[in-house]
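Colleague: Here are the chains, one letter per residue:
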Amino acid sequence: MLGYASRRLLTTLPVILIAITAAFFILRLAPGGPFDQERALPPEVLANLRSYYHLDDPLIVQYFRYLVRLAHFDLGPSFVTKDFTVAQQITIGLPYTMTLGTCAFVLAVVLGITAGILGALYQNHAGDYLIAAVAMTGLVVPNFLTAPILQLVFGVNLAWLPVGGWGDGSIRFLIMPVTVLSLSHIARISRLMRGSMIETMNANFIKTAKAKGIGRRRTVLRHALRPALTPVVSYLGPAAGYLLTGSIVVESIFGIPGVGRYFVGAALNRDYGMVLGTVVFYMSIILVLNLLVDLAYAWLDPKVRTR
Amino acid sequence: MTLYVDKREALEKRFLVPDTEMPAGKPRSLMRDAMRRLRANKAAVGAIIVLSLIIILAVLGPYFIPYDYETPDWGAFRAPPDFASGHYFGTDQNGRDLLARVLYGTRVSLTVAIIATSVSVTVGVLYGSVAGFVGGRTDQAMMRFVDVMYALPYLLFVILLMVMFGRNVFLLFAAIGLLEWLTMARIVRGQTLSLKEREFVEAARASGVSTLPIILRHIVPNLVGPVVIYATLTIPEIVITESFLSYLGFGVQEPLTSLGTLISEGASVIQVMPWLLFFPGAVLVSLLLSFAFIGDGLRDAFDPKDR
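So the sequence lines, in the order shown, correspond to chains A and B.
Number 298 in the UniProt record's numbering belongs to position 298 of the first sequence; there are no gaps in the numbering.
Number 69 in the UniProt record's numbering belongs to position 69 of the second sequence; there are no gaps in the numbering.
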């Protein structure tokens, strides 16, 4: 297990480095820049600005300077929002994004797995079809379409929930964004879980358990659940990534001041320092989450470890 | 003696198809077989009809309605759907006919999806078949590169590319296609590994054909099944990506429009002019649903498991 963990860690680091390199060069080679304005700046001012941010150095020098900074956990300055560094802006937005993401993740896992198990146990009953239909809708209708509809129905017409914003951070403000963010993942997890649960329930060791006269509840929870969970667990890593990127849209729609909104704003303003910093931050989180999920997967499924 | 004859007859009855039962006309090929099974799948057939209807309307429709997508009708601003005035889907804040805009937007959305999908299929097929056919160290190195690309968060790179190509949507989606080929490459490589051991490849080799022509003429044509399935599943994914980018304000720019742009405009005025969200949303959902059903149907049709 330890050997597997260290091997897996060693493959993650170069991937992070490649991702940072790719992001850096894509942004630096992009045409236009943060100082392009409606009225062109005088060339002297522009030259000063560029030299202030070291943008007039050779690209390769800038690249290594950025890497050294990153090694000190310094994400650099923002080119547009001059009063805050990139790290400060991310720190301001992070609690909102984390709350939103964690709630959506927990909701997706709990509801998805429960729905999947129920679907598998009542295969081809009316309930199973109902779950399948809801899952298909959740998969197909994109979140930027469900969000405004939910806002209209529950926020405006029924006035049960606030239309957007964070308010005092109470649960009322969270319900809609979390639902929108987790909907497609509930659907995907329930489909995965249903498939693997059906497969497991037909396996020989479950037949043995049944033959021994073990009760249905015990068979499902003690014998079938763990092996059936493996495909779901391997989906959780990518799912965490999708939740982070998905929260970009959800934060924009519901007006939640998280990292995603800073990211969108920065990309629209061509604030390359901020975009690069946010991308590096997101990628590190996603890759680390993937690492954790893979380790959990290895713990669940001994076959993976010895490969 | 008689015993022998009996046995031979029995074997022949069992294993030889009598001439009278041979199907008339062409023999059943893989393609014909799959198409026959696809036709038996009601959901897939319905989805194909809906999809072709949408495509025909999007391509030909604009020539048959009296309004175009960018000229305001000065007598009808914010008009709800109305058959008398000829604005069947109503008009937007600027008096532009929504039906014309939806048709045009569908066309743009589908065009960028097809561009990105063809790029991804071309790259994926070539990459996968070369890796699988050449094998050895080359294969190892090429597949390791795919693994690394897999680990990079897709949407973040899409947004980075957007910053780079923002001004040219079609170029942007060609670039997005360059991010989407990974799964295709993996599937194609797997298929190629088994195809290259077949007799017809050996025959081609023996008659002196070199590697690249073998790949292009003998391997690639045998990959039709997985490629078609993959393409049907990629197109909706790109349509969603496009809508997502447009929703955040990165996508297609005015006066050009796409389904995502229309939805995003509609979402902001859902309370006063709900039709601006309803019609583009309905078209998007029917597009995505029909692609999902066709993809499912194709997968069942080509799946050798239950043949």
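Rather than coming from a laboratory, the hints here were simulated on the basis of the structure.
Hints should not be assumed to be uniformly reliable.
So the derived label-pair ranges between C-beta atoms look like this [unchecked claim]:
no.: 1; chain 1: A; residue 1: S170; chain 2: B; residue 2: R78; range: 57 to 63 angstroms
no.: 2; chain 1: A; residue 1: Q123; chain 2: B; residue 2: G249; range: 43 to 49 angstroms
no.: 3; chain 1: B; residue 1: N94; chain 2: A; residue 2: L225; range: 40 to 46 angstroms
no.: 4; chain 1: B; residue 1: P80; chain 2: A; residue 2: Q123; range: 42 to 48 angstroms
no.: 5; chain 1: B; residue 1: W74; chain 2: A; residue 2: S170; range: 44 to 50 angstroms
no.: 6; chain 1: B; residue 1: L178; chain 2: A; residue 2: S170; range: 51 to 57 angstroms
no.: 7; chain 1: A; residue 1: D301; chain 2: B; residue 2: N94; range: 31 to 37 angstroms
no.: 8; chain 1: B; residue 1: R137; chain 2: A; residue 2: S170; range: 56 to 62 angstroms
no.: 9; chain 1: B; residue 1: L256; chain 2: A; residue 2: R226; range: 51 to 57 angstroms
no.: 10; chain 1: B; residue 1: F170; chain 2: A; residue 2: P95; range: 37 to 43 angstroms
Chain A regions said to be covered by chain B (calculated; three or more residues, Cβ under 8 angstroms) [said to hold, decoys possible]:
no.: 11; stretch: 24 to 30
no.: 12; stretch: 105 to 118
no.: 13; stretch: 131 to 141
no.: 14; stretch: 265 to 274
Here the structure is a predicted model, which is why all the values come from computation and not from measurement.
Even for Gly, the Cβ is constructed at its ideal location relative to N, Cα and C.
Colleague: All hints are to be evaluated individually against the structure, with a verdict given for each.
Modeller: The hints, checked one at a time:
no., hint, in the structure
1, A:S170 with B:R78: 57 to 63 angstroms, "36 angstroms, violated"
2, A:Q123 with B:G249: 43 to 49 angstroms, "45 angstroms, holds"
3, B:N94 with A:L225: 40 to 46 angstroms, "56 angstroms, violated"
4, B:P80 with A:Q123: 42 to 48 angstroms, "46 angstroms, holds"
5, B:W74 with A:S170: 44 to 50 angstroms, "48 angstroms, holds"
6, B:L178 with A:S170: 51 to 57 angstroms, "44 angstroms, violated"
7, A:D301 with B:N94: 31 to 37 angstroms, "57 angstroms, violated"
8, B:R137 with A:S170: 56 to 62 angstroms, "59 angstroms, holds"
9, B:L256 with A:R226: 51 to 57 angstroms, "53 angstroms, holds"
10, B:F170 with A:P95: 37 to 43 angstroms, "40 angstroms, holds"
11, 24 to 30, "holds (count 4)"
12, 105 to 118, "violated (count 0)"
13, 131 to 141, "holds (count 4)"
14, 265 to 274, "holds (count 4)"
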